[in-house]
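**Q** The chain contents come next:
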Amino acid sequence: MNLYYYASPATFYPLAGRLIPWFAALAAILTAVGLYISFFMAPTDFQQGEGYRIIFIHVPAAWMSMFIYVVMAFWSAIGLAWNTRLSFVMARSLAPTGAMFTFVALWTGAFWGKPMWGAWWVWDARLTSELILFFLYVGVMALQAAIDDPRRSDRAGALLNLVGVINVPIIYFSVKWWNTLHQGSSVSLTRAPSMAHIMLWGMLIMALAAWMYSIAVALVRARSLIIERERQTDWVRSLLEEKP
Amino acid sequence: MLSAHDLACERGDRLLFRNLGFELQSGEALMVRGGNGHGKTSLLRILCGLSTPAAGEVRWRNQPIRQAHEQFGREMAYIGHNNGIKDDLTPIENLRLAAALGGRSLDQAQATHALGQVGLARCLDIPARVLSFGQRRRVALAGLMTAGALLWILDEPLTGLDVHGVAMVEQLIRDHVVAGGLAIMTTHQALALDGVTPKTLSVGD
Amino acid sequence: MLRFLFTVIRRDIMLAARRRGDWLTAQFFFVMVVSMFPLGVGPEPSMLRTIGPGVVWVAALLASLLSLGRLFADDFRDGTLEQMLLSPYPNTLLALGKAIAHWLINGIPLLLIAPVLGIQFNLPPEALWILVLSLAIGTPILSLLGSIGAALTLGLRGGGVLVTLLILPLYVPALIFGAGAVEGVLSGTGAEAHLSLLGAFLMMSLLLAPWVSAMALKVSVE
Chain V
473 MNLYYYASPA
483 TFYPLAGRLI
493 PWFAALAAIL
503 TAVGLYISFF
513 MAPTDFQQGE
523 GYRIIFIHVP
533 AAWMSMFIYV
543 VMAFWSAIGL
553 AWNTRLSFVM
563 ARSLAPTGAM
573 FTFVALWTGA
583 FWGKPMWGAW
593 WVWDARLTSE
603 LILFFLYVGV
613 MALQAAIDDP
623 RRSDRAGALL
633 NLVGVINVPI
643 IYFSVKWWNT
653 LHQGSSVSLT
663 RAPSMAHIML
673 WGMLIMALAA
683 WMYSIAVALV
693 RARSLIIERE
703 RQTDWVRSLL
713 EEKP
Chain X
80 MLSAHDLACE
90 RGDRLLFRNL
100 GFELQSGEAL
110 MVRGGNGHGK
120 TSLLRILCGL
130 STPAAGEVRW
140 RNQPIRQAHE
150 QFGREMAYIG
160 HNNGIKDDLT
170 PIENLRLAAA
180 LGGRSLDQAQ
190 ATHALGQVGL
200 ARCLDIPARV
210 LSFGQRRRVA
220 LAGLMTAGAL
230 LWILDEPLTG
240 LDVHGVAMVE
250 QLIRDHVVAG
260 GLAIMTTHQA
270 LALDGVTPKT
280 LSVGD
Chain D
488 MLRFLFTVIR
498 RDIMLAARRR
508 GDWLTAQFFF
518 VMVVSMFPLG
528 VGPEPSMLRT
538 IGPGVVWVAA
548 LLASLLSLGR
558 LFADDFRDGT
568 LEQMLLSPYP
578 NTLLALGKAI
588 AHWLINGIPL
598 LLIAPVLGIQ
608 FNLPPEALWI
618 LVLSLAIGTP
628 ILSLLGSIGA
638 ALTLGLRGGG
648 VLVTLLILPL
658 YVPALIFGAG
668 AVEGVLSGTG
678 AEAHLSLLGA
688 FLMMSLLLAP
698 WVSAMALKVS
708 VE
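Residue numbers (the working numbering), protein chains in the order written: chain V, 473 to 716; chain X, 80 to 284; chain D, 488 to 709.
Any given hint might turn out to be false.
As the list claims (entries may be wrong) - Just a sample of chain V residues kept apart from chain X, beta carbon distances all over 12 Å, derived:
no. : residue
1   : Phe511
2   : Phe512
3   : Val542
4   : Gly590
5   : Pro622
6   : His669
What the hints assert, rightly or not - Examples of chain V residues lying across from chain D (beta carbon under 7 Å, computed):
no. : residue
7   : Gly489
8   : Arg624
9   : Arg627
10  : Trp650
By construction, these hints were calculated from the structure, which means they are not laboratory data. Virtual Cβ for every residue (Gly too), placed ideally from N, Cα, C.
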C-alpha cells in the first residue's frame, strides 16, 4: 500500500466522503444498542441504585478523552517529523471532539457524584486529572485559533500537544500523589465493585460507538479543513465547479 | 557558493512562487525584484534560513543550510525590516553584543571605528532609543560591516536613509562584492554600483 | 558554546537592568497577590498556615507567567531575536540561555521575598526554609516550561493571556510537589519525597524544554 497516495489531500477527500456515512451509521447503531443494554438490560446496582447508569456514558467519554489526546499527539508528531499536511489536519479535526468528551466526562462525573457522595465535585484524582486534560485541550485549541497563518498554527498546536502528552502522565501521577496525601477530602472513583458482564458489555459497546462517532466527526471536519486550505489548488476548484 | 533549488513559498493559502532557483558565485550580487506582496521578503527569509520553504532547498557551499547551520551562521549576515538593535543599549553596546552573540570579539576601538564610518561618530554613547530611524539603520549597517560575513542578505537596506546614506550603502555593497563577497538585496530604488552589475531575479509573476 | 550561553544570559540581565520598572512590576505583583489572600479568607493564624504554602506557590506561578510574556516578545519586535536565531550556535542554547536569564532575573527575587510572605502566613521557621528550597528547585521549572509558551505565542494578539492558558496546566506537577513539600513539613510527614520529585521534574524540563522552545521559536518567526 502506498501511504503517500492516501496522504494526499486530493485522494483523502473523496475517500473520507465515502467512509463518513459508514462510520456515522455504525455510531448510531452502536449507540442505540449500547443505550438499550445500559438502560434496560443492565441490572440495578444494589449499592448505587439507578443513578449509576450514567457511567455508561461517563466511562466511555473519559476513555475517549484520553485516547483522542494521544491520537492527536501521534498525528502531531508525524506532521512535525514528515511535514505532512494531512496529519496536522487530522490532529486539528480531533481536538474539538476530544474536548467535548472531556467535558462530557466531567459533567457526567458531577451528575454521578451528587447522588453518590452528596457533592457535585470532589477533588478525586481522576476527576482532577480530567479537568486538567480539559485545560490542555482548551490550550491547544486556543493557540490554534489565535494564529491566522495555518502553517504556523498547525505546528504551534502540534508542539504544544506533544509537550502536553509528555506531561499528562506526570500530571496524573502528581495529582494522584497529592490525592493520597489529602485523604480526608476525597472519595475515590476507582474502586469499582465487581461488574456484571452485561454492564461491561454495555460499556464496551458505548465506547465503540464513541469511537465511530469520533472518527465520523473528525473526518467531516478534516474534509472541510481540506477544502478550505486547498481552495487554491486545481482539484478543489474543479470539484467546486462540478457541484455548484 | 549559494544556490537555491526549486524553492516554493506559501503565505496563508497563497502560493507566492514556485520552481525558483538560482546560483550565486563569489563576487556576484543578486537583485531581487517584484512588487509588494510578491514574496521578496519571504524569499530572503528562506535564503537566510529563518523560514523553511514549502518545497526545495537552499545550499551554501553545496550543503543544505539546515545542516550547515554553524558555518552558514558565521559566513552570512542578514538585515531585515527590523534593524535588530536594542533601544536600551548604546550603538557601541549593540555592536559589541551582536559580535559576541556571533562568536566574534569586537573591541571598543573597532566598534567606534565602524560607527564613525557610517557617520555616527557623535552618537556613540546615547541609547539607540533616541536615534532617528535612519540613524538606527546606520547602526545596523555598521553591524553588517563588523560581521565579517561573506554573504550579505539585505532586505530594503536603503529604507529611511538620506542621500548620503544611500551613497554609503552603495559604496559598501560595491566594495564587498569587488572584494569577492556575495550580496543579495531587494530595493525599490535603483542602486548605482559602478563596476558591478548585479544579476536580477523576479519573484511572483 | 558556553560563551554563547553566557553572552545570552549577560545580555538579558543587562537589558533588565536598564528597565528596572518592568522588572519590579512582577515582584510587586507577587507580593500583592499573596497579601490579598488574608484579606479574602480572614486573618485566622491556623487557617493562614494551612493555605500559606499553596498561596505563595500559586502567586509564584502567576508572577512568573506575568514576566514570561516579554521573554521573547521585545526581541521579536526589534529584530534581535532573528539575529540571535541566525547566530552560528544551536538555537536550543539560545532558548536555554533565555530561560536561565529569566530565572535569574525573575525567579531569584521570588526566593528572597517568599520567606517574608511566609512569615505573614504564620509559617514556622523550618517550613520557611523548605518553602525557599522548594521555590529554588521549582522556579527554574516555571521559567523553562514557560519559555515554551512564550515562544509559541510570539507576536500574537492577546499573547499574554494565551500564555497563561497554555502553560498553567503544565505547571500542575511543580505546584503539587512544591507546595506539597512545605505542607509535608507542617504536617510532619517530611519534605524529602516531594523535593526529590520536584528535582526529577526539573531535570526533565531542563532536558526537554529548551529543545521544544527552540523549535517553537523557529515556527513562530517564520
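**Q** Each hint needs a verdict: does it hold in this structure or not?
**A** How the hints compare with the structure:
1. For phenylalanine 511(V), the non-interface assignment is confirmed: its Cβ lies about 48 Å from the closest Cβ of chain X, beyond the 12 Å cut-off.
2. The beta carbon of phenylalanine 512(V) sits about 51 Å from the closest Cβ of chain X, which is more than 12 Å, so the claim that it is off the interface holds.
3. No Cβ of chain X approaches the Cβ of valine 542(V) within 12 Å, the least distance being about 27 Å, so the stated non-interface status holds.
4. Every C-beta of chain X lies more than 12 Å from that of glycine 590(V), the closest at about 54 Å, which supports listing it as non-interface.
5. Distance check for proline 622(V) against chain X: the nearest CB is about 7 Å away, which does not clear 12 Å, and the non-interface claim fails.
6. Look at histidine 669(V): its CB is around 53 Å from the nearest CB on chain X, clear of 12 Å, so calling it non-interface holds up.
7. About 31 Å separates the beta-carbon of glycine 489(V) from the nearest beta-carbon of chain D, more than 7 Å, and the hint is not met.
8. Hint status for arginine 624(V): holds, given a least beta-carbon distance of 6 Å to chain D, under 7 Å.
9. With a cut of 7 Å, the hint placing arginine 627(V) at the interface with chain D holds, because the nearest CB-to-CB distance is about 4 Å.
10. Taken as an interface hint, tryptophan 650(V) checks out: its beta carbon lies about 5 Å from the nearest beta carbon of chain D, inside 7 Å.
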